[in-house]
Amino acid sequence: MPFHLTDEQEIMRAAVRQFAEAEVKPLAAVLDREHRPPLETIPKLADLGVLGMTIPPDYGGSGTDYLSFILALEELARVCATTAVMVEVHASLVATSILHFGDQAQKTRYLPELAAGRLIGAFALTEPGAGSDAAALTTRAEVDGDDFVLNGQKIFITNGGFAGVFLVLAKTSPEAGSKSISAFLVDRDRPGLSVGEPERKMGIRGSSTVSLLFDDLRVPRSALLGQLGQGFSIAMRSLDGGRTGIAAQALGIAQGAYEEAVAYAKQRVQFGQPIARLQAIQWLIADMATDLEAGRLLVYQAADLEDRGLPFSDVAAKAKLFCGPMASRVTHSALQILGGNGYTEAYPVERMCRDARITEIYEGTNEIQRLVIARAALR
Amino acid sequence: MRIVVAHKWAADPQEAIVTSDGRIDQSRAQPCLSEYDAVAIALARGLADSVGAELVGLSVGGPEAASPLATKTALARGLDSILVLADQALASADSTTTAQALAAAVTELGDVALVLTGDCSIDRGARMTPAVLGGLLGWVTLTEVSALSLDRTSLTVERELEHGRQTLVLSPPAVLAVAAGAVEAPAPGMRDVLAAARKPVRQLALDQFDGDWGPLGQVQDRTLAPAPDRRGIVIATTDPTAAAAELIARLERDGLTWAGRP
Chain A
0 MPFHLTDEQE IMRAAVRQFA EAEVKPLAAV LDREHRPPLE TIPKLADLGV LGMTIPPDYG
60 GSGTDYLSFI LALEELARVC ATTAVMVEVH ASLVATSILH FGDQAQKTRY LPELAAGRLI
120 GAFALTEPGA GSDAAALTTR AEVDGDDFVL NGQKIFITNG GFAGVFLVLA KTSPEAGSKS
180 ISAFLVDRDR PGLSVGEPER KMGIRGSSTV SLLFDDLRVP RSALLGQLGQ GFSIAMRSLD
240 GGRTGIAAQA LGIAQGAYEE AVAYAKQRVQ FGQPIARLQA IQWLIADMAT DLEAGRLLVY
300 QAADLEDRGL PFSDVAAKAK LFCGPMASRV THSALQILGG NGYTEAYPVE RMCRDARITE
360 IYEGTNEIQR LVIARAALR
Chain B
196 MRIVVAHKWA ADPQEAIVTS DGRIDQSRAQ PCLSEYDAVA IALARGLADS VGAELVGLSV
256 GGPEAASPLA TKTALARGLD SILVLADQAL ASADSTTTAQ ALAAAVTELG DVALVLTGDC
316 SIDRGARMTP AVLGGLLGWV TLTEVSALSL DRTSLTVERE LEHGRQTLVL SPPAVLAVAA
376 GAVEAPAPGM RDVLAAARKP VRQLALDQFD GDWGPLGQVQ DRTLAPAPDR RGIVIATTDP
436 TAAAAELIAR LERDGLTWAG RP
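Order-wise, the sequence lines are chains A and B.
Residue numbering for the first sequence follows the numbering used here, beginning at 0 and increasing consecutively.
Residue numbering for the second sequence follows the numbering used here, beginning at 196 and increasing consecutively.
Calculated from the structure, these hints are not laboratory results.
Estimated spans, in silico, between C-beta atoms of each pair:
id, chain 1, residue 1, chain 2, residue 2, range
1, B, Glu249, A, Phe2, 37 to 47 Å
2, B, Asp207, A, Trp282, 26 to 36 Å
3, B, Arg322, A, Asn365, 50 to 60 Å
4, B, Ala439, A, Gln281, 32 to 42 Å
5, B, Glu447, A, Trp282, 41 to 51 Å
Ideal Cβ positions, reconstructed from N, Cα and C, are used throughout, including at glycine.
Work out the full structure: start from the sequences and follow the hints.
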């Protein structure tokens, strides 16, 4: 199936690439080395309109289609996976959830702040005992007068170190099952919220990944997102779109590594000729190019289906299932082409290898994607 | 009052390839808006806002210059509207023919105080078009323009030259070629891209103008890439300090760097 981008999508992609080359790429190695998030890039991403791509103009966003947002993520990840995942969680998991499930007051309060980058969003689902089995979460939100009182722990919360608002999933009834879970918008300055130290990670080292502790954290009833008991379906809907976003991140990482490998192969001379003339290298390049093309079609198709209001959940899962391992394959092939140089920090490929691995894990492991795909196929 | 930016939709030199016989092949390169023209648009946008002028883009070239991708790309950079003169006869036009077409379009548009161009085109790089255009219009023409201000009667132009910064005060109209680094040309915002589709695009036809638009003004580009200058020099020492010193000395000797100046 041929896939043609619109003029606007092409221009936005070029604009984000120009921005990424100028503002994001020079920071990528620094963020990785210093294990710190790209806070200085947030106002620039807001000015460019990227933080508000999933938010309509009525709420201060740029209101693009989802495929344009996916292209932006791909371009950011091409040079810096850390920056890409910060934007993905903020604009896809959090802003989109508020847009789809928030009441008017919540939209008016949060969406303009999120679009302007004055607030960054974080998505708090995972717990020590609830990873792939998200419904097993134990954080409680108990009614107390007009308030809910939250107690529990979350882990691996992206953007958690600096986010201004957390979308928190918690149990609002003691029964088991997804209907017992509700979603809340929790402001960072709420008493009772403790933020842990950032995790030291293999890749996406600049991404702020923290634990959260809720100790009698009190929120008003107006903090409830959607209906009581709707939290799990909100989370699953958010993660459906998020899967396409992480697939785009994986695609971008792979594209960046591929370009590094091609450029290196053309200029690296061994046996009296550029190694690009050696069949062993050509075959690696051919496989990488084929992987990228296939992954790109899946990712764009998933985003396009979402834009057209068609079922996209299983295609998004396929995109993520393909692109995560694909990014691992492509980055490792790139490192092989760069040889000893690729193994050093003088080139970005070793970082890309480390960054790629997480795309097979977060926002649904490969195994969970297979579950989603098989359920759709066997329905 | 109108300020016009003449810009070109041309093959992206980043996508050009060097063939085995050393020829630069742009046939498979995707077209794009010249990075130099983006600088001219950014400078002109600031000037137009400061005096309340209308900022009009003007693009002359082959049929692809009128494509929606070409016009929206330029409009997203901040132009208010765009005027396109696209014809196959202009696809490979030389500087003189291009300038004639630009002059005809500027005259047709009317009420133009300034025409700005980029430092040079990305495909030819001849730096001739602004001068020929100024001559055809009978307007003052300046190159290497780094800053501008305009009031009702006078135009102040600053130029960064090798021997210093030159400030000139003159009366419009004028043709000004903007220096490549005059201002930053940031990426267009997502909202600007979406807004571009709603801005006016007006197309002119070549046959509405008198002139000889025949093949005499066509250029067949056969640019050869510079021969690689690989000397195979090996600095044979295991002492990094000595190696660095010898590298610096060699670079200085070849005029590629120098010591004693910031």
